[in-house]
Amino acid sequence: MPRTLLQKVWDAHAVRRLPTGQTQLFVGLHLVHEVTSPQAFDMLRARGWRVAFPHRTFATVDHIVPTADRRRPFLDVLAEEMMAALERNCREHGIPLYNLGSEDQGIVHVIGPELGLTQPGMTIACGDSHTSTHGAFGSVAFGIGTSQVRDVLASQCLAMDPLKVRRITVTGRLAPGVYAKDVILTIIQRLGVKGGAGFAYEYGGEAVERMSMDERMTICNMSIEGAARVGYVNPDRTTFDYLRGRPFAPQGDAFDAAEAWWSSMASDAGASYDDEVVIEGAALEPTVTWGINPGQSIGVGGRIPSPGDVAPADRAGVAEALAFMDFAGGRPIAGIPIDVAFIGSCTNSRLSDLREAARIVQGQKVASGVRALVVPGSERVRRAAEREGLHEIFEAAGFEWRGAGCSMCLAMNPDRLEGREICASSSNRNFKGRQGSPTGRTLLMSPAMVAAAALAGEVVDVRRIAVPAGVTA
Amino acid sequence: MSAAVSRIERIEGRALPLRGHDIDTDRIIPARYLRSVSFEGLEQHVFADDRTGGGHPFDNPAYAGAAVLLVNRNFGCGSSREHAPQALQRWGIRAVVGEGYSEIFFSNSLTLGLPCVTVDAADLEQLMSRVEQAPETAVSVDLQAMQVTAGDLRVAARIPDGARDALMTGLWDGTGLLLENFDEVRAVAARLPYVSGF
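Chains as they are written, first to last, in my numbering: chain A, 1 to 473; chain B, 1 to 198.
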């Protein structure tokens, strides 16, 4: 009987059915960072347990690390204490740590793939909701809480409820200036921020098949913003080509054997889905959020809705968002002035993101009064970008060029909004207070759109500034 | 080996109605308060940003000491931070009654022994209104009967069977279960081609 990738991966990793009715699933790769792990290690210690599979566990630092002055000890003593805890925990349990100063340090969802740790057919867990990113490789990747981090450290297993699968087919080709970010923002807008509850999202169709791994990661990354804990793309030639030669990818003949197994894990033709949705790729346009959750978005040519434009159940939510953002319903999203432009985060901080943004800003200047920064997702991305001279393009335009980390996506580090600032951001969440100021405001969009907004000083259609050359019509 | 078994069947106390859909974990506990190696003291910062405006239910003396939190739909969406249910539990919340939850928030809460039960929107509205009019109303969340009561108001509640069993049998802290059969875990690992090196 034809099966989906989710069913195959689930079956291959199921240890047993637990008395609670859940399935005990083996976790093939556990990624650890400094924020959600210290309490888990303490719980382990309190119970006298060891890490069960230290060689399937890898750690890095990303959330709290400063991206400008990275000298130790950090000025923030709380952040320094968290760093020290992770260093001690990794040392004590024999877990590899890509620490600050390592050439492989970076955002956990950027370094896993680029090191070749993330592979098709795996189960992956990490104490971070954006773990869904790794599904771009055809893995099943769960964001988990700290007690579950403890479970995985101690047993390399999770107790999970079964998931349904919703197939999301994105047909055709995206227009120039329209990116993976616009696809996923549109999916969340259409299906809702709670539409994915109980589902894994399987993304496919011509538009997704044509995407690079970077773009597929952007899509899978934001699955959780639509309430789908897991999102994935079936592995194909693009996936295998990306993985070949990566440090932790199989080498030599083993790679061919791996490729055969990886291919076998893709959803079978004729697999049945619990739900299917089709999105017309060619009809999409650059998309921008106007509200306080990632589902509140519109095309850049559109107008911000009023409470009267939406279903009765959504009216209070729209009114609350408009009040917080201080936007009038009915006004165009284009032309909204911005104070800050942020290019970074596990959603959009990879080399191809930076290339597209650099293409927009080349030879231009950031609008006066706009604070603009580019934060590469990893030190590998930073070095690769610098080899191409991208940092010089950004700096000449007036952007700050930083070291790798989560930065202003969630403001657990020195990068944050002040007061009522409005930020054009390539990150993933526009929640109230998300970027560090309780009253700060976030507009989510693609890195190219952030670059365009930085130059214009306001939300603008990137296609009016330049047709990005990297995208074929 | 595992923590002491603690069965959770019924929670009684006063309630705190918190209106609004899609309340995310950044609002429950803003990220800057995650800069700590422990969960201690998180209760001091629950809804810190939302409360700066004043008039927040968590500051309303009428709801001080409440044990049951009443919420609308998609509560706890966003970040996977367990700090969110930790902060609520440490503040004194021992059960949540709502229209719906994000999956990660629900499972994080379950691992802490904090039941999150679901009720119909109309029933929730009745519960919220009742408590807003009379904050001293005694509220109960009964996992045996799968009912929530507020005074003489009685509504049906739902929770997945597995979660209900885990709470009622005291197996909600499940690491012990996962460690019971470690040979089977090793056997599954050994069968996976990527573990054995292809």
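Hints may be right or wrong, so weigh each one.
[What the hints assert, rightly or not] Chain B is faced by these chain A residues, among others (derived, beta-carbon under 7 Å):
no. : residue
1   : Gln22
2   : Gln39
3   : Ala46
4   : Phe74
5   : Leu75
6   : Val77
7   : Leu78
8   : Gly143
9   : Ser147
10  : Asp151
11  : Ala154
12  : Gln189
13  : Gly195
14  : Gln251
15  : Ala254
Since the hints were made in silico from the structure, they are not lab data.
Beta carbons: idealized from backbone N, C-alpha and C, even for Gly.
**Report entry** Proposed interface contact between Val77 (chain A) and chain B, which counts if any beta carbon pair is under 7 Å
**Finding:** violated (9 Å)
Report task. With a cut-off of 7 Å on the beta carbons, see whether Ala46 (chain A) makes it to chain B. Result -> violated (9 Å)
Query - Interface hint for Leu75 (chain A), Cβ within 7 Å of any Cβ on chain B - result: violated (12 Å)
Query raised in the report: Would the hint on Ser147 (chain A) stand, with a C-beta cut-off of 7 Å toward chain B?
Result: Where the cut-off is 7 Å and the nearest Cβ of chain B is about 4 Å from Ser147 (chain A), the hint holds.
Query raised in the report: Close enough to count: is the Cβ of Ala254 (chain A) nearer than 7 Å to one in chain B?
Result: Status holds, d = 4 Å.
Query raised in the report: Should the interface hint for Gln251 (chain A) be scored as holding, given a Cβ-Cβ cut-off of 7 Å against chain B?
Result: violated (10 Å)
Query raised in the report: Measuring from the C-beta of Leu78 (chain A) to each C-beta in chain B, is the shortest one below 7 Å?
Result: Result: holds, 4 Å to nearest chain B Cβ.
Query - Gln189 (chain A) as chain B interface residue, shortest Cβ-Cβ below 7 Å - result: violated (14 Å)
Query - Interface hint status, Asp151 (chain A) versus chain B (Cβ within 7 Å) - result: holds (5 Å)
Requested in this report: Answer holds if the nearest beta-carbon of chain B is closer than 7 Å to that of Gln22 (chain A); otherwise answer violated.
Outcome: With Cβ-Cβ at 5 Å, under 7 Å, it holds.
Query raised in the report: Taking the closest Cβ pair, is Gly195 (chain A) under 7 Å from chain B?
Result: violated (10 Å)
Report task. Verify the interface restraint on Phe74 (chain A): the C-beta must sit less than 7 Å from at least one C-beta of chain B. Result -> violated (10 Å)
The structure does not agree with the numbered hints 3, 4, 5, 6, 12, 13, 14 stated previously, though it agrees with the rest.
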